[in-house]
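Peer 1: Protein sequences, first through last, are from chains S and P.
If you're matching positions, the first sequence starts at 1 in this note's numbering and goes up one per residue.
If you're matching positions, the second sequence starts at 136 in this note's numbering and goes up one per residue.
It should be emphasised that the hints constitute simulated quantities derived from the structure, not laboratory data.
Note that the Cβ used here is the ideal one computed from N, Cα and C, for glycine as well.
A few of these clues could be false.
Label-pair distances were calculated between CB atoms; the ranges are [to be verified]:
(1) S/ALA119 x P/GLU167: 33 to 39 Å
(2) S/ARG102 x P/MET241: 21 to 27 Å
(3) P/ALA162 x S/ILE118: 30 to 36 Å
(4) P/GLU412 x S/SER2: 53 to 59 Å
(5) P/LYS147 x S/ARG131: 16 to 22 Å
(6) P/SER384 x S/ARG105: 33 to 39 Å
(7) S/ILE113 x P/LYS233: 30 to 36 Å
(8) P/GLU229 x S/MET30: 25 to 31 Å
(9) P/GLU250 x S/ASP106: 36 to 42 Å
(10) P/ALA381 x S/PRO110: 25 to 31 Å
(11) P/SER384 x S/ARG111: 31 to 37 Å
(12) P/GLY377 x S/SER37: 29 to 35 Å
(13) S/ARG105 x P/GLY165: 48 to 54 Å
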Amino acid sequence: MSITILLRALDRAMQERVAEISGQNVYKCMQCGTCSSVCPMSGDMEITPRQAMLLIQHGLVDPVLSSRTPWLCASCHTCQVRCPRGIEVTRVMEALRQIVLRENRDMVNPREIPAESIAEMPQIALVAGFRKLTS
Amino acid sequence: MKISYYPGCTLKTKAKNLEDSALASLAALGIEVEELERWNCCGAVFSLADDDLIHQVAPVRDLIRARDAGADKLVTLCSQCYNVLARANKLMREEEEKRETINLFMDEEVDYHGEVQVVHFLDLLRETIGWDALREQVKVPLEGLKVAPFYGCTLLRPAEVAVGGGDRGAPHVLQDFLSALGATPVRFSAAEECCGAYEVLINPVEGMRRAGSVLAAAGESHADAIVLSCPLCEYNLGRKQGDIRAQVSGIPDIPVFYFTQLLAIALGLDASAGRFELNMASARKLLQDKKFVEAPATQV
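Please put together the full structure from these sequences, using the hints given.
Peer 2: In structure tokens:
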């Protein structure tokens with residue numbers, strides 16, 4: 001992945017929001033890539049967890065926010081259990097989702113879920129999904 | 136010692152097979168639990184945002200009601216509920232500032248400081264009865280049944296709330312449980328992986344691939360069945376299995392059980408306690424083929 005970093009692209013305010021919501025210090029990340037290697041969804045991500053951490057370290061939060069990465073993360077917590085630096089990467093992903101959701105943007109529309117799916121799914125699928133994917 | 140029981144939303148309807156088999160087994164084992172008189176949704180997922188305390192209120196209210204009912208322990212069956220309640224409890228015990236804010240907000244309830252202990256059903260069995268004593272209670276040993284133990288995420292992560300009493304290294308509670316029932320736990324490479332969770336709502340293709348890789352690993356382990364304790368995992372791996380098989384190659388036809396269903400059968404309870412009609416059809420058939428339960432009378 002090649003990235004052109006323009007000075008004006010560095011968004012310190014957004015970086016601070018990630019830190020504030022997640023409670024995590026992204027500068028502790030030493031780019032070992034353990035998170036990406038254990039992430040069950042990283043094969044489907046255009047920006048892997050390690051790359052996301054690097055981009056956020058450099059104040060490039062927007063590319064991560066506009067990727068599918070935070071929405072492919074299902075908060076399985078494997079990355080944070082294995083992180084040698086003790087970073088709760090799951091909380092960083094949550095912060096990215098929250099930044100989008102707090103703009104009143106929903107990632108799923110309950111009205112568009114087919115009635116037969118609702119009838120079939122366990123309640124926790126819907127409750128968990130709405131908690132994670134709607135504002 | 137009084138034990139309160141928190142069922143959670145799904146156990147009263149779609150996962151009735153998890154609740155009924157568990158409660159019938161507890162009665163047979165002589166462990167008394169009392170369902171919380173009034174309980175609300177735990178929220179299904181623990182709030183991970185540092186500045187979001189309002190979503191901690193729902194699980195904390197459940198914990199307060201358990202304490203007010205005079206319980207020392209609150210037992211849960213659903214892995215998601217367990218994770219949320221145990222983490223909310225930990226927050227109330229350890230994070231003073233957040234505890235005070237939450238207690239101030241809930242002005243009707245008496246302040247809570249984490250007095251109740253949240254336990255998963257597996258740990259209740261392990262701590263209250265123990266595997267050796269459980270083995271002695273088994274009437275129908277599940278001999279020859281090879282089972283893949285599936286923990287998924289929320290029974291194990293984060294480590295502070297992992298079941299098994301702080302085992303270091305690979306978890307083995309489910310394996311110990313299965314061995315006590317006389318079944319053979321198999322080595323299963325995907326035992327601690329994500330099943331796809333709620334991806335079905337937003338990334339159905341990727342979610343299906345995720346569940347498919349768990350099922351493929353179960354097939355490679357040559358297990359006869361998968362056991363688990365989470366209704367969301369059961370949905371992704373069990374109920375959706377036929378759909379996955381239709382779209383992904385190499386997916387075995389493998390029954391999925393709640394661990395409590397195997398417990399009820401091993402304790403010699405009537406098959407009706409297992410509510411197998413709520414599982415995929417192959418589930419009951421496997422138990423019949425292995426002669427652990429009889430075919431229903433209506434079946435010719």
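Peer 1: If you check the beta carbons of S/ILE113 and P/LYS233, does the distance land in 30 to 36 Å?
Peer 2: holds, 34 Å
Peer 1: Is the hinted range of 21 to 27 Å satisfied by the C-beta distance from S/ARG102 to P/MET241?
Peer 2: The hinted range 21 to 27 Å holds for S/ARG102 and P/MET241, with Cβ atoms some 24 Å apart.
Peer 1: Do the beta carbons of P/SER384 and S/ARG111 sit within 31 to 37 Å of each other?
Peer 2: holds, 35 Å
Peer 1: Is it true that the C-beta distance of P/ALA381 to S/PRO110 lies inside 25 to 31 Å, as the hint says?
Peer 2: With a Cβ separation near 27 Å, P/ALA381 and S/PRO110 satisfy 25 to 31 Å, so the hint holds.
Peer 1: Given the hint of 25 to 31 Å, check if P/GLU229 and S/MET30 actually sit that far apart at their C-beta atoms.
Peer 2: holds, 27 Å
Peer 1: If you check the beta carbons of P/LYS147 and S/ARG131, does the distance land in 16 to 22 Å?
Peer 2: holds, 20 Å
Peer 1: Within 29 to 35 Å or not, the Cβ separation of P/GLY377 and S/SER37?
Peer 2: holds, 32 Å
Peer 1: Take a look at whether the Cβ-Cβ distance between S/ALA119 and P/GLU167 falls inside 33 to 39 Å.
Peer 2: holds, 35 Å
Peer 1: Are P/GLU412 and S/SER2 spaced within 53 to 59 Å by their CB atoms?
Peer 2: The hinted range 53 to 59 Å holds for P/GLU412 and S/SER2, with Cβ atoms some 56 Å apart.
Peer 1: Does the Cβ pair P/ALA162, S/ILE118 satisfy 30 to 36 Å?
Peer 2: Holds, at about 33 Å.
Peer 1: 48 to 54 Å was suggested as the range; check whether the CB atoms of S/ARG105 and P/GLY165 agree with it.
Peer 2: Roughly 53 Å apart at Cβ, these two residues keep to the hinted range, so it holds.
Peer 1: Taking 36 to 42 Å as the stated bounds, is the beta-carbon spacing between P/GLU250 and S/ASP106 within them?
Peer 2: holds, 38 Å
Checked against the numbered hints above, the structure breaks none of them.
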